[in-house]
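Novice: Model the full assembly from the supplied sequences, consistent with the hints where possible.
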Amino acid sequence: MSAILPKLSDGSLSQMLADQRVDRPVLQILVYKQMTQSEPIKYRFQMTDGTEVCSNFIVILPELIQRISRGEFEKFTVVELTAYTLNINKQMERQIIIVSDMSVVMSGSKIGRRLDKSESNGPLLTNVSLNTNANRIEANVSVVTTTPSSMASRAANQQNVCPISAITPYFNAWRIKARVTSKSNKRHWSNAKGEGSVFSFDCMDDSTEIRVNAFTKECEKFYDMIETNKVYYITKGTVKTANKKFSNLVNDYEITLNSDSLVEECSEMEVMEVPKMRYRFVQIKDLPAVGLQSCVDLIAIVKSVEECNAFTSKKTNKELKKRDIILVDNTSYEVRFTLWNEGAEQFDCEPNRVIAVKNALVGDFNGRTLSAFDCEPNRVIAVKNALVGDFNGRTLSAVSNTTFQLDPDIPETNILKEWYEREGNSVTTNSLSKSGSEGNRDTEWKFLSQINEQTVGNDNRTYFNVRARVVQTGRQPLYKACGQNGCLKKVRDNNNGFYHCDKCQTDSSQFEWRLILSVAISDCTGEGWVTIFQEQAEKILGISAKELSELQENNPQEFLKALTVAEFKQYVFRIGSKIEHYMDESRVKSVAFNFTPVDAIKHSKQLIKNINEWTN
DNA sequence: CCCCCCCC
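For the first sequence, counting from 1, position 346 maps to 346 in the UniProt record's numbering; every step adds exactly one.
The set of hints was computed from the structure by calculation and includes no laboratory data.
Mixed in with the good hints there might be a few duds.
[What the hints assert, rightly or not] No more than 16 Å apart at the CA atoms, straight line, and that leaves these computed lysine to aspartate or glutamate pairs for EDC-like:
1) K236 <-> E195
2) K110 <-> E52
3) K417 <-> D407
4) K236 <-> D260
5) K489 <-> D507
6) K480 <-> D493
7) K117 <-> E52
8) K75 <-> D116
9) K546 <-> E527
10) K480 <-> E512
11) K321 <-> E307
12) K276 <-> E74
13) K7 <-> E80
14) K217 <-> D252
15) K490 <-> E512
Specialist: Next comes the structure, spelled out in structure tokens:
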């Protein structure tokens, strides 16, 4: 092998395990495997620094797991650990290294064997001193605990901060640095077990989000201190399985503060790197595929704002206030979004602004609607965590942790504004919030094994909702189409610079790249192939047919990467199936008409019910 | 150890 082999950071493992911070150690992967079948998926890696071997590298972050699925970290690959955290697992009495980011230095197939010490980089400190980026300086200073300075204490603060996604009930040495995205009111409760007060807040870092609860003593201690949008270090607390009844965040766990808990506000300097807000936007058009009572985030134009009305609930006799606003996005679909009580009174936004909503509740009154409860309206335009409901269609509601942002500083805002100015303000929109049964709510949920000649109609398409994982994508999705007068027929290359269309009977030097993508999808009962056409194919791959064709011609590696972005992700697909008869057999053929990524749907009671029915 | 996610 003539290639220059990468140098491993010899000695780094013993330092790392002794809790001495090593910045960006270069290690070789010897083997890895998936730890459990259950969610969340975790991987355990065995790595070497040339001398020592450690089998306790754990990968939890979805982004990294996706890269594992794509084969990026094959055997013998040399990687640089760009972010890791050492944790002492008390139950198992051993150290675990949580890897939250790593990059490939050289692929395993190029190296082809285990590297040993003679090929490593010699004493580690030499390696460290070669580099002078900010992280490295911090890493070095943090070891010098005998000479405290502001630098040193800041470095000490940063030390052992782990991503929220690494928090599980199985170790308690975590320390997170997180932004508070919403804070509840203080509530009093009394029942058979006693009485007390409680409040909760949602925290976010660049890995994920988590709900934090504080009861009675901790409620009094921390309620005034916690402020929305501020960043805190939090350490010590009881980690338990999240109660989905009270939380709509995408996290299996939540934290309850206890008497050992420490909460410390971050200095100005330190808050910068914690993201302001994380969204998983769903398009309005796709709301029908979203389960009722789910929560979604979306970004939209505020088309109109109705009056705030007060009325008395017939069910509870409670005095309620509500305000409806109409949201529209560049799918040309609109939905009604209902704000409640203070949120309804205080909402102050002229039409035609862009709104991003986090955590809206999806319902179905006269189509799909969104609603919000007692939310503090910021001057914002993105909705996070809207709840999907089901009164006569689909609606969106805001719940207590729903937030919005007006004209958020993200690329989607400009895309929407441009669309609205160009055509959106004049286009006829399809409302998901009107009477009738449009949308997918009447579409039956099926497992893949249930889609067969008994369930599929003979002549027309039968529509189903399925939740499935993409396990493979076809490698030849592009074709040259005629493109004249809306003709999308495949053309034949005359090999003289002209392309012949059988349908139009023309030869033209022009053609249009189009997509017919085949994907193999799988659920817990079976698998099958579905066809995805142009617009939906561009959407699932996140690239236009034209851009993809350029990659195909100029960059085979990037082409393959672009083709496989959807692999191993889960979606809810709305598919149409029909039986096609051939000479000696008949086959069920399916087309995916739209889809929603499952991680954008959060928890859906409909899906959970469906799965429970199947498994019981 | 706690909240109902409300209305048409």
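Novice: Report the numbers of all earlier hints that the structure fails to satisfy, in ascending order.
Specialist: Per hint list: 1, 2, 9, 12, 14 violated.
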